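Student: Please model the complete structure; the sequences and the hints are all you need to start from.
Number of protein chains: 2
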Amino acid sequence: MNSTDLQHQCRMSDIKKAPVPSEPPPSYDATPPNPASPAPPKKGAPRPLPPLDLPTLNLLRGRRTILASASPRRKHILATIGLTNVEIIPSSFEENLPKSASPFEYVLATATEKALAVYKQEINNESKGEPALIIAADTIVVSNSGDILEKPRSEGQHIMILKSLRDTGIHRVYTAVACMAPLESARDPGYALETAVEETAVKFDPSVTDELLLAYVKTREGADKAGGYGIQGMGSILVEKIDGSFDNVVGLPLRVVLKLIEKVIERSQDADVLESGLIEEEEDEEEE
Amino acid sequence: MNSTDLQHQCRMSDIKKAPVPSEPPPSYDATPPNPASPAPPKKGAPRPLPPLDLPTLNLLRGRRTILASASPRRKHILATIGLTNVEIIPSSFEENLPKSASPFEYVLATATEKALAVYKQEINNESKGEPALIIAADTIVVSNSGDILEKPRSEGQHIMILKSLRDTGIHRVYTAVACMAPLESARDPGYALETAVEETAVKFDPSVTDELLLAYVKTREGADKAGGYGIQGMGSILVEKIDGSFDNVVGLPLRVVLKLIEKVIERSQDADVLESGLIEEEEDEEEE
Numbered sequence: 075m076n077s078t079d080l081q082h083q084c085r086m087s088d089i090k091k092a093p094v095p096s097e098p099p100p101s102y103d104a105t106p107p108n109p110a111s112p113a114p115p116k117k118g119a120p121r122p123l124p125p126l127d128l129p130t131l132n133l134l135r136g137r138r139t140i141l142a143s144a145s146p147r148r149k150h151i152l153a154t155i156g157l158t159n160v161e162i163i164p165s166s167f168e169e170n171l172p173k174s175a176s177p178f179e180y181v182l183a184t185a186t187e188k189a190l191a192v193y194k195q196e197i198n199n200e201s202k203g204e205p206a207l208i209i210a211a212d213t214i215v216v217s218n219s220g221d222i223l224e225k226p227r228s229e230g231q232h233i234m235i236l237k238s239l240r241d242t243g244i245h246r247v248y249t250a251v252a253c254m255a256p257l258e259s260a261r262d263p264g265y266a267l268e269t270a271v272e273e274t275a276v277k278f279d280p281s282v283t284d285e286l287l288l289a290y291v292k293t294r295e296g297a298d299k300a301g302g303y304g305i306q307g308m309g310s311i312l313v314e315k316i317d318g319s320f321d322n323v324v325g326l327p328l329r330v331v332l333k334l335i336e337k338v339i340e341r342s343q344d345a346d347v348l349e350s351g352l353i354e355e356e357e358d359e360e361e362e
Numbered sequence: 075m076n077s078t079d080l081q082h083q084c085r086m087s088d089i090k091k092a093p094v095p096s097e098p099p100p101s102y103d104a105t106p107p108n109p110a111s112p113a114p115p116k117k118g119a120p121r122p123l124p125p126l127d128l129p130t131l132n133l134l135r136g137r138r139t140i141l142a143s144a145s146p147r148r149k150h151i152l153a154t155i156g157l158t159n160v161e162i163i164p165s166s167f168e169e170n171l172p173k174s175a176s177p178f179e180y181v182l183a184t185a186t187e188k189a190l191a192v193y194k195q196e197i198n199n200e201s202k203g204e205p206a207l208i209i210a211a212d213t214i215v216v217s218n219s220g221d222i223l224e225k226p227r228s229e230g231q232h233i234m235i236l237k238s239l240r241d242t243g244i245h246r247v248y249t250a251v252a253c254m255a256p257l258e259s260a261r262d263p264g265y266a267l268e269t270a271v272e273e274t275a276v277k278f279d280p281s282v283t284d285e286l287l288l289a290y291v292k293t294r295e296g297a298d299k300a301g302g303y304g305i306q307g308m309g310s311i312l313v314e315k316i317d318g319s320f321d322n323v324v325g326l327p328l329r330v331v332l333k334l335i336e337k338v339i340e341r342s343q344d345a346d347v348l349e350s351g352l353i354e355e356e357e358d359e360e361e362e
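Respectively, the protein sequence lines represent chains A and B.
Numbering (the numbering used here) for the first sequence: 75 to 362.
Numbering (the numbering used here) for the second sequence: 75 to 362.
Hints listed in this document are in silico derivations from the structure and should not be mistaken for laboratory results.
Do not rely on the hints blindly, as some may be mistaken.
Derived pair list, reagent style DMTMM-like, types lysine to aspartate or glutamate, alpha-carbon separation capped at 25 Å [what the hints assert, rightly or not]: (1) K237/A x E336/B; (2) K277/B x E169/A; (3) K277/B x E224/B; (4) K237/B x E336/A; (5) K333/B x E336/A.
If you want the ones that stay clear, here's a sample from chain A, every Cβ over 10 Å from chain B, calculated [claimed, not checked]: (6) N159; (7) I163; (8) A175; (9) S217; (10) K237; (11) D241; (12) T242; (13) G243; (14) E258.
Since the model is a prediction, treat every value here as computed from it, not as a measurement.
Even for Gly, the Cβ is constructed at its ideal location relative to N, Cα and C.
Tutor: Printed below as a string of structure tokens:
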């Protein structure tokens, strides 16, 4: 990461004449429309994109997919891969595990307990039917000295947290994701569970002034966020660089989530195959 | 950056009872409202945040601020710091500088020429008045072997680009920003210009399958983007990690832009002070 500032001061006479525009090169947007594929999007117009055509995501369409989190940011991230009809059922699990565990263990256990609590509540839901997939996540911010940072409790504490993040080099953000799917076999009820923890290092810009931190705190954007800033909003002006996944800092590492969904759905179906005694045939087939 | 996948398969009897929720700790959101400060936002509700209260941004309010780019992503990024009434005037500058220059020089020259073209067009705009600030930017994606990647011109080429990005380790994204402000002195017309180039390294997930790349290409999200992917959307599922600024990859490094705006506005005013013969007095004053 590298930023270079250059300074100029010029007079009117320095302005160069803009070159005459030439014929623009043929663009991908401008290729003739193929009736079999969707129309190319128009530049500048709002563009409804075709959804991501993946077998697992197609399988989930029209089935109950639950996000065990009230975070609008997580819901928004899931929507980018076409999971737009996700039910929001915040977990009743109280985030009170002992912080004496390592941050890694703490965040993983919390996400897993959140998923389990919603699974337990919804698995026998007679009116809606059992869920096809439950996604739970927990995000923690860990200071350079290894402490888990809470949400700020006052404006004064909020400024203290941000000053400390600015002055102590890098800190780390961990998001744990837990995906659960009920086994498809009716004979042997149970579930498949897949989890992952993703780590991103974040470095604040050490030249951020106290005045800018105060102005940021006054916007209240970071007031309800662990670590006291939202990297996807104004908080971006405090951050010099990250090393890792961006949406992990926002609260849901999408690439990892997609992998977990694919694994957990596959395993919930494998169990079904096992029940039906078809496992040997399946193993002989090679995946394309 | 570190991701760990954990596998479980459990039965109904494994589900642990969720602990009884205890009294939640007092939250920053729950502090009594102070009549002098804005009301704390409600959880879950859409939250209009107070704007970032910085002298330079306040000074721009109600004055002509021009973004010399048609990119809705850049407009969105500027809006996060309260620059919501930005005029969009895409530059007529044709991006045809020789690519034999270094990527750094190429992107810097392109952003600068874009700003100059809009400045020249708008500085004598009699109906709207002269602009207070012009922001121009150019973003390029550079392959591991140093080639500047264009927008894909066909679906086939699009897949080739993404496969190459996946298989060649890291690539780099450079955004150059040029900010211009007319000198305030009426006696000596001219402008202040501040520029910067920001670099972010991006690493695709090498385990992404050809099928996922094809599914991504079919969504057309990346069809109009240099490098063929949008990191802020579905393209996120292709990216394992970045090293640097995220919004730089999206097309506008906000932290750098804010610094440039502050510098260029200050310098456009300094020139005014110089003209008025007040420079010595100003220099004696210490900045708070």
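Student: If a hint holds in the structure, say so; if it doesn't, say that too.
Tutor: Going down the list of hints, with the structure as the test:
no. : hint            : result
1   : K237/A x E336/B : holds, 21 Å
2   : K277/B x E169/A : violated, 34 Å
3   : K277/B x E224/B : holds, 18 Å
4   : K237/B x E336/A : holds, 21 Å
5   : K333/B x E336/A : violated, 43 Å
6   : N159            : holds, 17 Å
7   : I163            : holds, 13 Å
8   : A175            : holds, 15 Å
9   : S217            : holds, 18 Å
10  : K237            : holds, 16 Å
11  : D241            : holds, 17 Å
12  : T242            : holds, 18 Å
13  : G243            : holds, 15 Å
14  : E258            : holds, 13 Å
Violated hints for the displayed structure, listed by number in ascending order: 2 and 5.
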